[in-house]
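Could you put together the complete structure from these sequences and hints?
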Amino acid sequence: MNKKIALAVSALAAFALVGTSACSSDDKDPATSTAATTATTDAAPALKVVGAPFTTELYGVGLPLDSSLCEQVNTAIADMVADGTWLAKLNGQMEGVLYTPNPETNPPKDFEVCDNKAGTFTTASSDTIKIGIKFDQPHLGFKEGSTYTGFDVDVATYVAGKLGFTPDKIEWVEAPSKSRETLLENHQVDIIFATYSITDARKEKVEFAGPYFVAGQDLLVRGDDDRITGPESLNESDYKLCSVTGSTPAQKIKDTYAADVELVEVTGYGECITALIAGRVDAVTTDDIILAGLAAAGVR
Amino acid sequence: MTPEVPYTTVAEQAVLIPPSPEDTQRAPKKPRRARRAEHSVLFDSPGPKTKRVIAIGNVVGVLLVAWAIYAIGAKLAEPSLIAKKGQLDWELWKINFESDTWTEFYLPGLWNTIKAAVVAIFGAVVFGLLFGVGRLAQLKPVRWFSDVIVEFFRAVPVLLMMIFLWTFLGSMQFPEPSFWAVVIALTVYNGSVVAELVRAGVQNLPNGQHEAADAIGLTRIQALVNVLVPQALLAMLPAIIAQLVVALKDSALGVAISYFDLLRAAQVRGTPYNALQTLTVAAVVFIVINYLLGRSGEWLAGRMKGRTSRLDDKFAQEIPINVSALSASAMLEPVDQDGYNEQNLRAEPGWLDDDMFESKKP
Amino acid sequence: METLTQYWEFVTQKKPDGTLLYDVLGAFWVNIQLTLWAGAVAMVLGTIILAMRISPIVSLRAVATFFTNIFRDIPLTVVMLIMWLVIWTQLGVSFGGKMSTDFYILAIIGLGLYHASFIAEALRSGVNTVPLGQAEAARAIGLTFMQSARMIVLPQAFRGAIAPIGNTIIALIKNTTVASVMGVATETSAVMSGMIETGANFVLLIFLTFAIGYVLIVIPVGMFFTWASRILAVKR
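Protein chains in written order, with our numbering: chain A, 9 to 308; chain B, 13 to 374; chain C, 171 to 406.
Heads up, some of the hints might be wrong.
Chain C is faced by these chain B residues, among others (derived, beta-carbon under 10 Å) [to be verified]: (1) I66; (2) F164; (3) R166; (4) L265; (5) G266.
Covered by chain A, according to a simulated footprint, are these stretches of chain B (three or more residues, beta-carbon under 8 Å) [claimed, not checked]: (6) 103-115; (7) 181-188; (8) 278-286.
No lab work stands behind these hints, which were simulated from the structure alone.
Just so we're clear, the structure is a prediction, and the values are computed from it rather than from any experiment.
We put the beta carbon where it would ideally sit given N, CA and C, even for glycine.
So this is what it looks like as structure tokens:
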């Protein structure tokens, strides 16, 4: 009798295994097979940003309300644009990516009016400056080992230089989206360059200098994918769109342009990109410069 | 709510079955396999025929597993559409062997995970003592209030608390909102579990303890603070370590509110092309740490059995062994986020354990 | 009072097509469905794991122990991320056209796998409530392993394990919120995040709405399992 049991139990286990692997070797979904038939040439860029941005986000420099640095920061950004560093740094970061920032608004010319002229606060410590950046946006604000790279970092370094802080006097701090106001209000950072959109609600809590870049929501697609040219084309087929929770609302695309698009929100950009290059989603959406940075990133 | 458990608890069972000598003193062990195969209540030792069938079954099983691993591996190794690299490509994995990845990401992330879990467990013990004693208080409003607090925080998902606290603390200008959101959410949740442990522990102390306290003229609060709770606490220590494992695991929920814990560190390091490779390392680190912690809790539970001998036998068996059976009479069981108390299941002596097989040997 | 009225308006906002913008009740329903499905998966798998653990075959016992140890020590968030990154993205597992269907089913599988080891452990504690004499008697009257397991041990084990199984189910109810990590966007934590994003003024009220919802679900379930464990426990 024991033999039967042994057999039954092994069969059960075997069934479970077959079940799992049967699932794994499933048929390709339509998107994958379409993309797979498209010829891939080595010249085609891996990922590309398509169409013009369909919203406008002014990336400002966040400062505490009692800061005295606002005017100086505006001047520094104007200088950076004027001496060509701004463009050089942007091109340097986004090298090899099919992407042009909106030329009508970039580089920005009209700067925020600094409301608080009587501010007295400069930096918490007199010889170093704490700068808040994002850590997870390649070529924008990115922690790469013990160093920090990206366009936000470049602008921040330039501005800090104008404020009298050499690069070795800069302390980089992660400034996740929800924490930015708090970090400034508590003087845990002195200044923030972290894809920080200027909005009226935020202006009540923090002072904005800049903008140093005008971004807008856009789409990132595979380099060999010519079907998607803008948000409207997402409506034409059962496209799949990926976005990161808490970033620019992806819901906007669904509400405004493409009601039929399937949307998924996950916790990190890496998850979206992995799904994009694996052909499981067709587009990733957030602000154009973040997308360009992701496209510019190579395998490390 | 009577503390009486209406059916035979595991612990009582354990009393019926004499504990094996191995529980108290470490006898040299035979290889596990040998013991398992030789002594069993449910089945005879397999004969030559069955052994052959089992051997064939094992070979088939191993082949099936090998095939499944191969199939999954082959699928993972398929080059992606555009990056032209499979997920098993060395180029993608070597990031895990760079020193920066460890010194700047995994280790600081792990430190943050541990920091949040440890702070939360200390908070949970304080919270648990406060409300556990509160639930035993004579004053009705105090008892009622403690009941409501404990039941509320045990019913609300930790993730919802974290998301709420993150936004709420942020808007209150609280420093480091993501750290404190993780810590507070874990504190109140684990605290409510500890409160239940305290209450159950005290209720299960032998009557003589509080009678003696009464006799020497202690007030109820004095009796609780000086006599009853310390005894319960000592016996709870292994359960608290088990709760620490729970807190470590739940702190990974912090990734949803960008707390720079181990998981988020791996996520940031993996952006954008190495997400899978760094996630693998995070998963392995979590498993290893929780396994070691679980084992040390088990070891401690073994040690505690000797230390708590002055307590009633039943209690000494129950607290470190089966917390949930103990409080079956409570409206809700002390549940951790994973659905069971690790301690209860890891250290339980029963006839499924090797030791019991051993002790039943003629 | 005025705040409450405003909050009510906020919660009952409608989309242009007349449906609710924030479907709070629907979100809870999604979590309940996830619980039911994942609970069923976990019960079946958990029973299989238990059977493997008490089986005569060493290799099956080893596999069951390995499975239990892994899923006991890995955070559920990691399980869900693996479901997304490995199973859905890389292995391309799909259950039909819609992404949301895939995520829903994968979330159920992930939750089921994760809780199966806890169900198995709960059942194991149930097996331990069965007196050794019962198994010995079963063997003495000549029942085989399968017969004694099926007719003597497991029925009593299930009844003795109701309380810890109840714990696992309650944990499962709450853990279904982690499905949002896996892309399930219609369940409570995702809907709550969305509401907090736009209605930051009402953050406390939004949280209380969802928290009370969970209290209303979890406490009756807990009472049910306590009741069931009393009624069904084998009196000894």
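Hints, one by one, checked against the model:
Taking 10 Å as the C-beta cut-off, the interface hint given for B:I66 holds, the closest approach to chain C being about 5 Å. The beta carbon of B:F164 is positioned within 10 Å of a beta carbon in chain C (closest approach about 6 Å), and the interface hint is therefore held. For B:R166, the interface hint holds, since its Cβ comes within 10 Å of a Cβ in chain C; the closest pair sits about 8 Å apart. Satisfaction of the interface hint for B:L265 is found here, the shortest Cβ-Cβ separation to chain C being roughly 6 Å, below the 10 Å cut-off.
Hint status for B:G266: holds, given a least beta-carbon distance of 9 Å to chain C, under 10 Å. For the region 103-115 of chain B, the stated coverage by chain A is satisfied: 7 residues place a CB nearer than 8 Å to a CB of that chain, which reaches the threshold of 3. Counting residues of the region 181-188 of chain B whose C-beta lies closer than 8 Å to any C-beta of chain A gives 6; at least three are required, and the coverage claim holds. Counting residues of the region 278-286 of chain B whose CB falls under 8 Å from any CB of chain A gives 7; the rule of at least 3 is met.
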